[in-house]
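K.L.:
Kindly produce the complete structure, drawing on both the sequences and the hints.
Residue numbers (my numbering), protein chains in the order written: chain A, 1 to 364; chain B, 1 to 380.
Possibly wrong hints are sitting among the right ones.
[What the hints assert, rightly or not] Below, a sample of chain A positions facing chain B; criterion: calculated Cβ distance under 7 Å:
#, residue
1, LEU60
2, TYR164
3, TYR216
Since the hints were made in silico from the structure, they are not lab data. Just so we're clear, the structure is a prediction, and the values are computed from it rather than from any experiment. We put the beta carbon where it would ideally sit given N, CA and C, even for glycine.
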Amino acid sequence: MKKIFSIIILPVAMIAIFLSYAFSANTNSSVSHDVGWEKQLKEMNYLIIKISSVNIINGLFFTDTQAEKLNKLSSSFQSGDLPSLDTTGNSSFELVNIRRVYIKLLEKLLKKESVSDSLKNQVNAARVVEAEIIKKSLIVAQDPGYSGTGCQQCHASPALFSHYLNSSKELEIISPEKRAEIDKAHSLGLFGEKGMVRLWNMKAAADSILTDGQKYIMKNFRCCLVPPGDLSDPTNIGQAFVSNDWINYFRATRKLSDSDWKKYNSSFILPLDTLLRATLPGIKTSESKIRLRNAEAIIDKARKMDEIDFELQKENLCLKMKEALQLTALTGETIREADTRQFITAMFLLFNGNADLYEKISRH
Amino acid sequence: MPNSSHISRRHFIQRSCAFCAGWYIFNNLMIPEKLIASSAIGNNLHKADYWKSLPDKMTQCKLCPNECIISPGENGNCHSRGNRDGEYYSLVYGLPAVIALDNIEKSPLYHYQISGKAFSIATSGCNLHCQYCQNSDYSQVGPDDVKTFPLEPAEVIARAKKNDVNAINFFYTEPTIYFEYMRDIATLAKKEGMKTFCVTAGYINEEPLTELIPLIDAFVFGLKGFDKDYYSAVIGGELEAVKKSLKLLAKNSDKTWFEIVNLLVTGLNVDTAQITQMCQWIKDEIGKDVPLHFTRFEPYYKLKNLDPTPIDVLSNAYKIATELGLEYVYVGNLPGNEGCNTVCPKCGTTVIERVDFDVIKNTTVKGKCSCGNQLPGHWI
Chain A
1 MKKIFSIIIL PVAMIAIFLS YAFSANTNSS VSHDVGWEKQ LKEMNYLIIK
51 ISSVNIINGL FFTDTQAEKL NKLSSSFQSG DLPSLDTTGN SSFELVNIRR
101 VYIKLLEKLL KKESVSDSLK NQVNAARVVE AEIIKKSLIV AQDPGYSGTG
151 CQQCHASPAL FSHYLNSSKE LEIISPEKRA EIDKAHSLGL FGEKGMVRLW
201 NMKAAADSIL TDGQKYIMKN FRCCLVPPGD LSDPTNIGQA FVSNDWINYF
251 RATRKLSDSD WKKYNSSFIL PLDTLLRATL PGIKTSESKI RLRNAEAIID
301 KARKMDEIDF ELQKENLCLK MKEALQLTAL TGETIREADT RQFITAMFLL
351 FNGNADLYEK ISRH
Chain B
1 MPNSSHISRR HFIQRSCAFC AGWYIFNNLM IPEKLIASSA IGNNLHKADY
51 WKSLPDKMTQ CKLCPNECII SPGENGNCHS RGNRDGEYYS LVYGLPAVIA
101 LDNIEKSPLY HYQISGKAFS IATSGCNLHC QYCQNSDYSQ VGPDDVKTFP
151 LEPAEVIARA KKNDVNAINF FYTEPTIYFE YMRDIATLAK KEGMKTFCVT
201 AGYINEEPLT ELIPLIDAFV FGLKGFDKDY YSAVIGGELE AVKKSLKLLA
251 KNSDKTWFEI VNLLVTGLNV DTAQITQMCQ WIKDEIGKDV PLHFTRFEPY
301 YKLKNLDPTP IDVLSNAYKI ATELGLEYVY VGNLPGNEGC NTVCPKCGTT
351 VIERVDFDVI KNTTVKGKCS CGNQLPGHWI
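P.N.:
Below you can see the structure in the form of structure tokens.
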């Protein structure tokens, strides 16, 4: 019991402390005026896509021939005039810790080193804070009195949070049209107008290098910070939904007696809420409640099973949990057009600096 | 000043001697041998088959080529069979350590289609000691060292039905070491019209394997290399015995289906000459249409110091096998790689596409390509 609490409560407490630390500091920092919120948004976007890109390249098992072809294509894409994005420079107080953690993670992934549990927890906590900032920046930018340009058209600076923030306001579900706009805006921020057009023109060439199996994997790929199969915490962030972690989660819930479950089930549900909010910054409270209720029903089912049936059904339960949480349903990523999907694949594969990764694969 | 808690040297020596004497009497005279053995392994003894008595209550196991000679109270090299007072028992009967529902593609079994998943089952123990074993937590220990799920054969069938499963897969560890348990489950499964699969390294003597063949619908046979020194040093067995088992399966191919798996371990069994020799032998002695899976090694157990198998080593093995004329060659543990797909040897069309353990596309009709070629195996 004590162990379960340490598993569940400690990370939550860490996240809470991290959150309060970051947001209390917000009130008296001079924030984006001197560092440039626009620049920071782009750099954060860069870091997340770069990390995801390294993860997927490590996970697709390219052959030498594929790596050579991708190397050429990636070098050709990068030889054009792309905006220079610096990930080592200064940033506002809200983002400095998040960036530090993400950069640390990226360095590990580039060296193909394993990610320690401690770093995973830091990444998870950082993502939770980042998701809160994203959510607030979106809500503030939707205020009728707000106007911004570039990335700040949608993501208002934290400096404005206190002026505009109406805490009861929630974000709308992303429509297919809106999804296309978001994809375009994000790639504009990363590559500029010319770079985006060049990438669009290269998408078919990148696609042709992949096997059908790799295309199938890419079809379901979305941003991923910690690589799948290397997560120990059920509150993992990103696209990874790792059965072993969820199996351990279910096992922990099954250890509690009915009376203890009644008393302490929030200790298990709260991390799910955190996961939802970190993965889907824009999720409405009502949507979140429905998902949590569905998740709890699956946990109840798992708790009622005898040991043999649970062993047999454990992976099935994980899949049901994934369905219950519907992590991708609200982001609109499942409703992308085929050519947009191909463009996103090209973005992950040909991203800045990836030529070096392909070079290493070919040399190996 | 005398201290009440103080013990004199004489008292200390007296007490120590008394304790040692008591300990000796308790362990050697008071507890009968049978009780020691039984307490050490619990009460799940099931009379074993394939063994013979030797003088002085010794036994010799005849199940696998190890043919362990075992003293009373001792267990075999496989941790799963033991001598208890001159009788020989299976120690794992009815005590699986792993149960799960899996796609049979995980085995890997690519030419045997079933609907839905299979009930995978494994006890602890193994008669080989592969230094890279992925399941060493179960395979290199006995039943007392792992959590087990008491399941008699009839209960296995009942649970499979309850979970809408129509196949039993003896998987994860080496099934032949729990021969009696597997045979009894398979016999019941056959009566119920269920399919049975066995993922084995084939390190078993001819007689028990012959008994098993009619009870198993398909074998996945781990041919772990093709060099006798590699087999003895890294696997802990003899290559010739394994080849003999594989030939026996080939001889009985009208009764059972089988596919071969060869795990390529970085720097140890990836030599082009060795792979060529193995493929040639498979073609000549086993058959060119037997599916051959080359799988990628991941560092586990005692070989954590090695790198995963480079993809080009797998591609090279694939090339060697196909150029020699083997018709159904696969590459495994590489999600997204084209080597996971089935290509029709007659027209060259990719007819079945797989990612991980999932079939994502199948253009055959009951295993028949549109060119008219019937793929070997069992198709629904």
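K.L.:
Confirm or reject each hint.
P.N.:
These are the hints, each one checked on the structure:
no.	hint	verdict
1	LEU60	holds, 6 Å
2	TYR164	violated, 46 Å
3	TYR216	holds, 5 Å
Hint 2 from the list above is the single one not met by this structure.
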